[in-house]
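Given chain R's structure and the hints, the job is docking chain A onto it.
Taken in sequence, the protein lines are chains R and A. So the first sequence is numbered by our numbering: it starts at 56 and just counts up by one. So the second sequence is numbered by our numbering: it starts at 4 and just counts up by one.
These are computed hints drawn from the structure, not numbers from a lab. We put the CB at the ideal spot given by N, CA and C, even for glycine. Do not take every clue at face value.
[To be verified] Here are the simulated distance ranges between beta carbons:
no., chain 1, residue 1, chain 2, residue 2, range
1, R, E89, A, A215, 23 to 33 Å
2, R, Y318, A, A128, 36 to 46 Å
3, R, L303, A, H99, 22 to 32 Å
[To be verified] With the Cβ distance kept under 10 Å, some of the chain R side facing chain A (calculated, not the full set):
no., residue
4, H59
5, A62
6, D92
7, A120
8, P237
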Amino acid sequence: MSGHLPADDLAVLALDDPDLDGPESAPVRAHLAECADCRAEFDGIARLGRRGRAAGELVGTGLTAPPPELWARVAAGAGVEAASLVQPAPARPQPVAPAAAAPVPPAAPAQPRARPQAPTPPPARPSVRLLPRLALAAAAGVVVGIGATLVGAGLLDDDGPADPVATAPPADSVLARTELAPLPRQNTSGAAELRTSGKVRHLDVDLSAVDTGDGFVQVWLFDPETLGMVSVGVLEGDSGSFVIPRGLDLETYRGVDISLEPYDGNPEHAASSLARGVLRSA
Amino acid sequence: MFFGPRSDFGCRHSRLRFGQPRGGTLSSDTAPAITGLDDLVGDDALAEAFSSGDTWALGEAYRRWAPLVHTVALRALGEPADAEDVTQQVFVKGWHARHGFDPARGRLASWLVGVTRHVVADRFASRDRERRLGERLSSQSGARVGKEQTVDQLAEQAVDAVVIAEVMVQLSPPQRQVIELAFFQSLTHPQIAAALDMPLGTVKSHVRRALATLRDHLDDREARRGPIKDMS
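Same shape as in the complex, but just chain R (with noise of 0.2 Å):
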């Protein structure tokens, strides 16, 4: 065997057989033992492996939470207040209308702080400190609203009875916005915005801190139920407009995603976003 390996082979097979012991991996431990380069290749995603599997072991087979009770001797050792900490979740998400889809969930008005030393506040209930780091931050959670609006507009309902003139909203207004908050590590945020000029729908994407380095920014729509994805355009400086496919179920595709992409002819997501946000119904 001359030459090197291909990597994606090697990468196979340091993943599926890490200690070379199956009956097909003879010939490629032969080459192995003699080839310095595409030894250390293998090691290196051999032991990403292990340690990929050793943390799934760990954790991914689902954490044990200490007993609900725990928390007061914390609070009580730290010298805390213990306000309640463990709030059981609601069987399903809670509706939230339309109206009131805030980044701040609607049950969870701010408190005012009553005096320097607060309580530690339940999950739900940030603080009034908070609220300009939601701002940056908010990424939603429950989406809802956003249908009823595009139909509404009659952008979804395309076999309809076609009507523009009761149907059509007026020229460019809003349908849906969010906030692109920065995944841990990075630094660009902005925002997105779904608009609609007749019967064209557009996004606006507009980010602040972008660094493209060697590479180029990509702006996708995911959906987040089955995680297809659907790359929209390449965004050029800070903000771009995109026209979105009259066929795309904006239902469906609703989390927008900014990634980072290097100049390698692949066309497919770097696995390098920057930042995301899910549209919610303006």
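Okay, now just chain A, sitting in the frame of chain R:
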């Protein structure tokens, strides 16, 4: 569907269901809804608030990371009562020692796991003392447990898991799905292709790209390993 509702996709900051025990005390029909600040405050903002002593940050850090800390302690020590004591100590000590945590140098979760490592090691040391006292009294010889290395390994796994969870949200949805199957279900490439009804070549491509991103972040963690060990 392998992993239940995906309503958390893209909406959480690096939560790998850490805050939501699965198969624990909650029944499956009390599935996670929005119970905390995951969607509102990122891990970095929480770390800043924790280090500057905002009291809400202790509660939120506990809500996010107590299941991870407790799981590490339970796996290392075996005794539920010991694991609860350790979990309590980790957050109490961590809160009092928060000035030793530098958000610029590492993640809060990793730092808390480092604290866990120390507290568990202390617990083993005191067990050893008790055991030696018992041996002297009863003249029995006991096999040395030798779990210190195991708790180190557990701590490594826990920190890796934190980093992987953080990277997961940066992957595209199919990349994330493929990596979840590879790591958490230990499936091989052909098994993943069959499970997702996806061409093998596509699986390979997703895995390779996701691994490259994971490798960057995990190597970065190795380079910054200092913070996990400097809790005194």
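Could you work out which of the previously given hints the structure breaks and list their numbers from low to high? 2, 3, 4, 6
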